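Protein chains in written order, with the UniProt record's numbering: chain A, 1 to 344; chain B, 1 to 339.
Just so you know, these hints were derived from the structure itself, not from any lab.
Treat the hints with caution; some may be incorrect.
[What the hints assert, rightly or not] Covered stretches of chain A (chain B as the covering partner; in silico rule of three or more C-beta atoms under 8 Å from a C-beta of chain B):
1. 120–131
2. 135–147
3. 205–213
4. 255–266
[What the hints assert, rightly or not] Some chain B residues flagged as far from chain A (calculated, every beta-carbon gap over 10 Å):
5. 28
6. 32
7. 38
8. 52
9. 61
10. 123
11. 150
12. 168
13. 180
14. 204
15. 304
16. 314
[Unchecked claim] The calculated label-pair distances, taken between Cβ atoms and stated as ranges, are:
17. A:102 with B:127: 38 to 44 Å
18. A:213 with B:330: 16 to 22 Å
19. B:309 with A:46: 46 to 52 Å
20. A:57 with B:135: 32 to 38 Å
21. A:52 with B:309: 53 to 59 Å
22. A:129 with B:308: 50 to 56 Å
Just so we're clear, the structure is a prediction, and the values are computed from it rather than from any experiment.
Virtual Cβ for every residue (Gly too), placed ideally from N, Cα, C.
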Amino acid sequence: MSTAATARPAPGTGRRLLTALGTATPVYVLLATVLIALALTDPGFYEADRLLAFVKRAAPLVILATGQYLVIVCGEFDLSVGAIVTAGVVVAAQLYASFPALHWLVATLVLLAAGGAAGLVSGLVTTRLRVPSFITTLGMMLILEGAVFFWTGGSPQGALPAAFRALGRGTAFGWLPWAVPVCLAVGVGAYLLMRADFGRTLLATGDSERAAHLSGVRVTRVRVTAFVLSGVAAGLAAVLVGGFSGVSAQAGQGYEFEAITAVVLGGVLLGGGRGSVVGAMAGAFSLQALFTLLNLRGVSGALESTVQGVIVIAAVGLGAADYSRLRRRRTRSPDTRSPEGTTR
Amino acid sequence: MTGDLLTAPGEKSAAPAPRPGRRLRLTDPVTGVWLAALAVTLLGWAVVAAQGGQFLTTTNVVAVLQNSVALGLVAVGQSMVILTGSLDLSVAYLISLGTLVAAQTMQSGGVLLAVLATLALSVAVGLANGLIVAGLKVNAFIATLGTAFILRGWIEDQYTGPAGQVTAGFQRLGYDRIGPVPVSVFLLLAVAGAAWFLTRRTRLGHHLYATGGDEHAARLSGVRTRRTVVVAHVLCSLCVGAAALFLAARLGAGAPWAGTEARYDLESIAAVVLGGTALAGGRGGVAGTLGGVLVLAVLDSVFNQLAVDPFFKNVVRGVVIIAAVALYARRRTPRRRTA
Chain A
1 MSTAATARPA PGTGRRLLTA LGTATPVYVL LATVLIALAL TDPGFYEADR
51 LLAFVKRAAP LVILATGQYL VIVCGEFDLS VGAIVTAGVV VAAQLYASFP
101 ALHWLVATLV LLAAGGAAGL VSGLVTTRLR VPSFITTLGM MLILEGAVFF
151 WTGGSPQGAL PAAFRALGRG TAFGWLPWAV PVCLAVGVGA YLLMRADFGR
201 TLLATGDSER AAHLSGVRVT RVRVTAFVLS GVAAGLAAVL VGGFSGVSAQ
251 AGQGYEFEAI TAVVLGGVLL GGGRGSVVGA MAGAFSLQAL FTLLNLRGVS
301 GALESTVQGV IVIAAVGLGA ADYSRLRRRR TRSPDTRSPE GTTR
Chain B
1 MTGDLLTAPG EKSAAPAPRP GRRLRLTDPV TGVWLAALAV TLLGWAVVAA
51 QGGQFLTTTN VVAVLQNSVA LGLVAVGQSM VILTGSLDLS VAYLISLGTL
101 VAAQTMQSGG VLLAVLATLA LSVAVGLANG LIVAGLKVNA FIATLGTAFI
151 LRGWIEDQYT GPAGQVTAGF QRLGYDRIGP VPVSVFLLLA VAGAAWFLTR
201 RTRLGHHLYA TGGDEHAARL SGVRTRRTVV VAHVLCSLCV GAAALFLAAR
251 LGAGAPWAGT EARYDLESIA AVVLGGTALA GGRGGVAGTL GGVLVLAVLD
301 SVFNQLAVDP FFKNVVRGVV IIAAVALYAR RRTPRRRTA
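Pulled out of the complex, with its shape left as it was, chain B reads as follows (with noise of 0.2 Å):
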């Protein structure tokens, strides 16, 4: 369960490799991924050149790097929760509900009351996840589908259609450059180099690895789980926060659909499953993650250069997702199970 292929050199303790002596690595599902979103680049780009379409060109590009910002954010926390063995279901209705609080209160407040705010709210939630499962010990799919429910009802409850308004100030996060690059992706790098930072060279992300891989051998090792996997769902929401104002800016106000009309909370953990993070946690990481996020924009982009229709991307995307993890699977068969 814990056969980890990821840890990069020197890092041999992130993990409790329980099986010593593994040298074989064969290939590295970080690379895999990152292979794979060129492959599908190159292969877009040379189905739209047949179509007579440009499919490299500056603003495309840039728009692909747009549209990956906040699955990216999203599943960039998603993949620390995974990784801690959790889930989170609830992240697509606090995008909702965030994106609302902070335009509220940027209508009344300014910014960074609003940017508190929202990440405040993220804070709540998320400790409001962890302490339910690993207090309660209720299963961390159902804890938090339970949180999506109580966040759907609220927002359904307060709030009609769109509401309060973005500062034309704050919408800069959305749409200002700078050179070619939009302001957003640098947010995405920081925050995911930040949760790379923490996931790879802090204690605490060993200890996300530990919890993950064997929770019992975790704990009898002296690692704090119960505090681990709230520390990681607390982690979790404030990147969802983070989604949530970068759409805000987006939209220029709050929208009760913001979060739930891309089902980001579906397409994260399949994005991260896609960077080869094992769903039973412990194995897996941040690099991998935005990998798969590249691999479903550029998909996304090059279907909407080739005009596919948009009920037939979801077909697309389904078997992707499918074959992209049997293929991990697969490579993994031969050493791990004695048939």
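So here's chain A without its partners, still in its complex pose (with noise of 0.2 Å):
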């Protein structure tokens, strides 16, 4: 326990500050580093089309990291989101392939809704069924992606429509990308969704289920529903990366750890019960606005996630110790060590 040595009490004003930005901390740290390193390296980063643009491109892992915190904070794992992603953008495609004149609303409400009848799976054989998140969504992820390739024999393809695209690669009034306002509402809703009723219950959820249970919260309802709002939001971020890039088998490869990192880097515990889903979108801020660094710097695409795994050891590994610090809470090591530590 290191950590003894440097439980020292920090200055007033500084320690409420810490106190107030809560275990998320490190991230608004990087966060702000990461901006002020591309505002030296490239001075044109903070046009405002730039920025649009940035914003665009982070938009689909953001939705990813807000669906995947409400799982992650109420004690659970999604590994399944990329698959859904990938699934989504094919059976759009397919959805386009037997239907041309379908009208764009209606394909986005089905791939939203199909991502949530995804999540509701995984959230009825989590809570029903007792199996660990890790390994229900694990299976998910095999099913989704065998299905999809099983159903297009290998090689998805088709093309999606114009107007399905606006929503990834469109711009309203010529100058605004479609998918930052759905971000931004998709983050506002998020907020206000951890500030009400359900927010609570699922932060007590996460924090103890017997505690939870006791005081009548019904658990059950909560996880699957978190879920189920995870896989809506997979769903969105699949209608935004379709537009985005097109119909790929790998559309949506990676985004699950990607989305689990960003919430993490957030400064949510895995096990549920602490973090803000603010931190978890400024993690997954950082996480983009990492890339578009090492990008910018010239690093080559092969030592990007080098540098980008030591960067998410080091941060988490800092929100550690300054976690430890703040509270004072050694004893609760042995919960945030094991990821299934508060399901059991």
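Since each chain sits alone in its own frame, please combine them into the complex, following the hints.
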């Protein structure tokens, strides 16, 4: 317990600020650092259109991280979101192959509903059958990926009409990418949701399932809802990704780990009960900003993931240390260790 | 959390059993998974026979065994980490890098040096994982995901395709047989046996279970939990190194996709959980893991015989994994939960 040595009282105002920012402090520092580095590397980055383009690129990850946050904060995992994105894009293409005249809004709603349905299944299996969510959503990922490729004979193809792709790559009034207001709406919605009763019960469930249950929280329903919302978020991300980059078998590959990384980077505790949704979204933005920075710096695409790995470990390591210093709760360390700690 | 149905007689001290007097031993997950393996084999045999094929031929059985070696080695390592309450998501990239290092060193420096270099690489990665998890207190999921990213970047930056060359002598590890049994199966059995002995019969093993069951309690009882976690990660990586050596022998060269294409990270975790080991740690064992690996390998073989679409295999795989774990959970539920 090396943290004992560093547990000195912090000065008053600094401490208050840290407490206000909560466990997400490292991510705000990281985000600020990366944004400053971006400004130094390329002053043009902060021109309105490029900034908006950046937010547009970040939108799918932010939306996925928001959904993932809801699941993680109640003590579960959702590894299936990447597969849902892939499946969503392919389903949309198949949908348009069968009904070329389909209105884009209908197709979008179908994807959202399909994502929600996948989340519902994951949630029910996890809560009713008591399968650890890691395994449930891993299975769901295998099933969805297998089904998509099986259905399309191994190579998904097809085209998405411009009206459907507008959400991902089009702009409103000629300058505002649609993805930006969508992302904003999701962010505000999630923030309000976490302020509402549902958010509080969700946090309580993640913190201590038993205590939440005894205080009258319908633990099962709350958890299933979190999974459904994560699935819907993945469906929405599929619409954006499909619009942005078109149909491909790799559309959603790796998104599940990126989303989880973003959430954890945002100071959310794996195992549940701690962390804010704003932090999670900040984590997603930092990750995307980091990718952009590495790109601008001319770091080869290959080494990008190395840098990402180092920064993630460092940020979370710092976060863990800061956290125990702030709260002085070293006794909780067993819970933070096991990913399934609170679900048992 | 530490209810443990698995400890064989005479090993009560293996788990930090918080509830004394557990005499009820319902179906043991280890027997369960081996029975499941048997059932899947019989079912596969029946289905294949109904289609006019032959399932239980020597060639086929040998192929099933051979196919389970790589996943088996990784899963044995993975189960030691999971028992300790940790997790290792970096195994896939470590395998890839391991095959590359092995093949390249072998080309220039000989077999022994290559084996040593691969194992040294494994120890280094395992040590890094363990120290990040135990020392920096980074959640194992994120820590090993981070090392996985680091290794991936390294591989993608350094290698563009297959590299190195495995000597003909070393390839015998991948292809030779003693009687009908492939040599590599003995490698798996040796590693699994060592892991079983280590987890069940030594002090270190008891510490692994204790740490996984309840780290705080273990610490208070005088177990050096951090050291235990580090050792578990190193042992896991060593098993992965062995898998990398086997795959290098099999492929004849190092390949950047050797570990990632077969998704050894998630597959090994699935096999471990299929074998009745709790993801939260403290419960389960190597014997069950081997059963889990066998179930997956037999399923694969059945699908191959029936010429099932490879993508449909994934669907069934997912369903089987979820269903199996649901069964374990169900069995445990009535006694452990007071609704």
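Hints, one by one, checked against the model:
| no. | hint | result |
| --- | --- | --- |
| 1 | 120–131 | holds (count 4) |
| 2 | 135–147 | holds (count 11) |
| 3 | 205–213 | violated (count 0) |
| 4 | 255–266 | holds (count 4) |
| 5 | 28 | holds (19 Å) |
| 6 | 32 | holds (15 Å) |
| 7 | 38 | holds (23 Å) |
| 8 | 52 | holds (25 Å) |
| 9 | 61 | holds (26 Å) |
| 10 | 123 | holds (19 Å) |
| 11 | 150 | violated (4 Å) |
| 12 | 168 | holds (32 Å) |
| 13 | 180 | holds (32 Å) |
| 14 | 204 | holds (19 Å) |
| 15 | 304 | holds (15 Å) |
| 16 | 314 | violated (3 Å) |
| 17 | A:102 with B:127: 38 to 44 Å | violated (55 Å) |
| 18 | A:213 with B:330: 16 to 22 Å | holds (20 Å) |
| 19 | B:309 with A:46: 46 to 52 Å | holds (51 Å) |
| 20 | A:57 with B:135: 32 to 38 Å | holds (35 Å) |
| 21 | A:52 with B:309: 53 to 59 Å | violated (44 Å) |
| 22 | A:129 with B:308: 50 to 56 Å | violated (26 Å) |
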